[in-house]
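Going down the list, the protein sequences come from chains A and B. The numbering of the first sequence is the working numbering, which starts it at 1 and goes up by one. The numbering of the second sequence is the working numbering, which starts it at 147 and goes up by one.
Because the hints were derived from the structure by calculation, they are not lab data. One thing to keep in mind: the hints can contain errors.
Now the stretches of chain B that chain A is said to cover, found in silico as 3 or more residues with beta-carbon under 8 Å [what the hints assert, rightly or not]:
hint	stretch
1	444-456
2	500-509
3	514-527
All of these numbers come straight from a predicted model, not from anything done at the bench. For every residue, glycine included, the Cβ atom is placed at its ideal position computed from N, Cα and C.
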Amino acid sequence: MSLSSLYTELILEHSRNCENKRNLECATCTKRGYNPSCGDDITIELMMEEGKVIDAAFSGDGCAISQASTSMMIDLIKGRTSEEVQKLVQIFLGMIKKEIEKEEDLDLLEEAIAFQNISNMPARVKCAVLAWHTLIQAIEELNPQS
Amino acid sequence: MLDIETIRSEFPALGQNVNGKPLVYLDNAATTQMPVGVLEAVRNYKERFNGNPHRGSHYLSVKATMLLEEARTKVAKFINSPSTKEVVFTKNATEALNLVAYSYGLSSIQSGDEIVICISEHHSNLVPWQRVAGLKGATLRYLYLTEEYEIDLERAKQIINEKTAVLAIAVMSNALGTIYPIEKIVDYAHNQGAVVVIDGAQSVPHLKTDVQKLNADFFVFSGHKLFAPMGIGVLYGKESFLKDMPPFLMGGEMVEYVTEQETSFNELPHKFEAGTPNVEGAVGLGAAIDYLSEIGWEKITEHEKSLTKYALEKLSEVQYLKIIGSKNLEKRGPVISFTLEGCHPHDISTIVDMDGIALRAGHHCAQPLMNYLQLPSTSRVSFSLYNTKEEIDILVESLSKVRGWLGYES
Numbered sequence: 001m002s003l004s005s006l007y008t009e010l011i012l013e014h015s016r017n018c019e020n021k022r023n024l025e026c027a028t029c030t031k032r033g034y035n036p037s038c039g040d041d042i043t044i045e046l047m048m049e050e051g052k053v054i055d056a057a058f059s060g061d062g063c064a065i066s067q068a069s070t071s072m073m074i075d076l077i078k079g080r081t082s083e084e085v086q087k088l089v090q091i092f093l094g095m096i097k098k099e100i101e102k103e104e105d106l107d108l109l110e111e112a113i114a115f116q117n118i119s120n121m122p123a124r125v126k127c128a129v130l131a132w133h134t135l136i137q138a139i140e141e142l143n144p145q146s
Numbered sequence: 147m148l149d150i151e152t153i154r155s156e157f158p159a160l161g162q163n164v165n166g167k168p169l170v171y172l173d174n175a176a177t178t179q180m181p182v183g184v185l186e187a188v189r190n191y192k193e194r195f196n197g198n199p200h201r202g203s204h205y206l207s208v209k210a211t212m213l214l215e216e217a218r219t220k221v222a223k224f225i226n227s228p229s230t231k232e233v234v235f236t237k238n239a240t241e242a243l244n245l246v247a248y249s250y251g252l253s254s255i256q257s258g259d260e261i262v263i264c265i266s267e268h269h270s271n272l273v274p275w276q277r278v279a280g281l282k283g284a285t286l287r288y289l290y291l292t293e294e295y296e297i298d299l300e301r302a303k304q305i306i307n308e309k310t311a312v313l314a315i316a317v318m319s320n321a322l323g324t325i326y327p328i329e330k331i332v333d334y335a336h337n338q339g340a341v342v343v344i345d346g347a348q349s350v351p352h353l354k355t356d357v358q359k360l361n362a363d364f365f366v367f368s369g370h371k372l373f374a375p376m377g378i379g380v381l382y383g384k385e386s387f388l389k390d391m392p393p394f395l396m397g398g399e400m401v402e403y404v405t406e407q408e409t410s411f412n413e414l415p416h417k418f419e420a421g422t423p424n425v426e427g428a429v430g431l432g433a434a435i436d437y438l439s440e441i442g443w444e445k446i447t448e449h450e451k452s453l454t455k456y457a458l459e460k461l462s463e464v465q466y467l468k469i470i471g472s473k474n475l476e477k478r479g480p481v482i483s484f485t486l487e488g489c490h491p492h493d494i495s496t497i498v499d500m501d502g503i504a505l506r507a508g509h510h511c512a513q514p515l516m517n518y519l520q521l522p523s524t525s526r527v528s529f530s531l532y533n534t535k536e537e538i539d540i541l542v543e544s545l546s547k548v549r550g551w552l553g554y555e556s
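Pulled out of the complex, with its shape left as it was, chain A reads as follows (with noise of 0.2 Å):
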């Protein structure tokens, strides 16, 4: 993989201009997800009403992939049920592992299948997966039963 396809535009402009970088007042949830290998460190606030995501954001430390991956993530989860949320993580994992044929699967990762190629990249991929990790940690907490 190439330094060119790895720090894309969309991906820089995710990691440096960041709006959804910033604390939620009314957070419903907060999650921290730490990656101690690189030291990675970030924290997912959600506003939930009924079962959807009204707002999002995150704070915290990280290096450009890590940052830019939780800031798309952001952008797609706004406005979705957990339902809807649990299965976009899945497929984003599932995108990382090569798992995912279905080209309209990955459609619906919108921006953050900027990602697919990371795996060629097996000391990033933990970067790009932890915003995900920690939300569906999130998300598991908030609905134990599901």
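Since the structure of chain A is already known, use the hints to place chain B on it.
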């Protein structure tokens, strides 16, 4: 002067290309590459002498025993240990530190005692002491640094006091490269009646080690940072401590008589070496020590100092780059941490990797230090006797392109 070309030709790993570029290996503080002498010694052992030492009277077992003990003798001489009884083979420096913490720490430290370490300790010399302090009701205290990344000796005199049961400290910081005035600090601690544990993992490859001159009660290091294979480490301990300490791991080899309900333990150092040891690792470590002794410390230190000086100068010229560590060559080793404004170390590492450069990004197993310095992480380059100034030029050239890749205009 070192004959660098000859030295480099003795390290097969250095001759390869990475991402289409000649490898520039600058992660020696994490692990070093192995010279042919070490690789051949290990292979020779495995092909001709592989047997279980101290357990049989057949030829191979006897040979393996001899080679294991020969390696111990080399290690003892290398660190100037008065006897081989005081040299225990472990898996690595981490296991050696755990051995001291669990065996000595748990049996000697009392509630109300204090354990003192430096804020820059590697997790391996921090977490075990945290655990001992928690289990025994002792307090873990820290030596902090000055703005020059040196230990604040005036404050240290207050922190190391009559309550200090153990002082555990690295000679050289793996995250900052600082070499601490260890003999002075050891003196303070001994004068207060404390036992001193010294982590030599970073210093052993760069500075001549003399455990008697250091007056270390315990001293540990890893083989794989010293041109030997992974999986072999050393604990040196004064016999006066080791003989009364309970064993760390139980099993074969460390016993004398075993009955259904009771066991008496083997003599030193075998009391601390349960199970089949890593003979090939010990043989490799012995060969690495031979290799270093042949070159000689004077030449190694001179070369590494000139690399460090050159790198500090060149890195200081890189725009937006900040060196995190002392700039005083007398107080630092060939390990340099830095930040590059606006660039996360993990991105830096990925980008320079494309130019074949291996450097380390992260918190360097020293999270409390990073919190103390208020840095999430740093990038780190670390040199060894086989690195060159040309490699530093390649590094600097590559680093100067990093901000461009990350979308900055300069």
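The hints, checked one at a time:
| no. | hint | result |
| --- | --- | --- |
| 1 | 444-456 | violated (count 0) |
| 2 | 500-509 | holds (count 4) |
| 3 | 514-527 | holds (count 3) |
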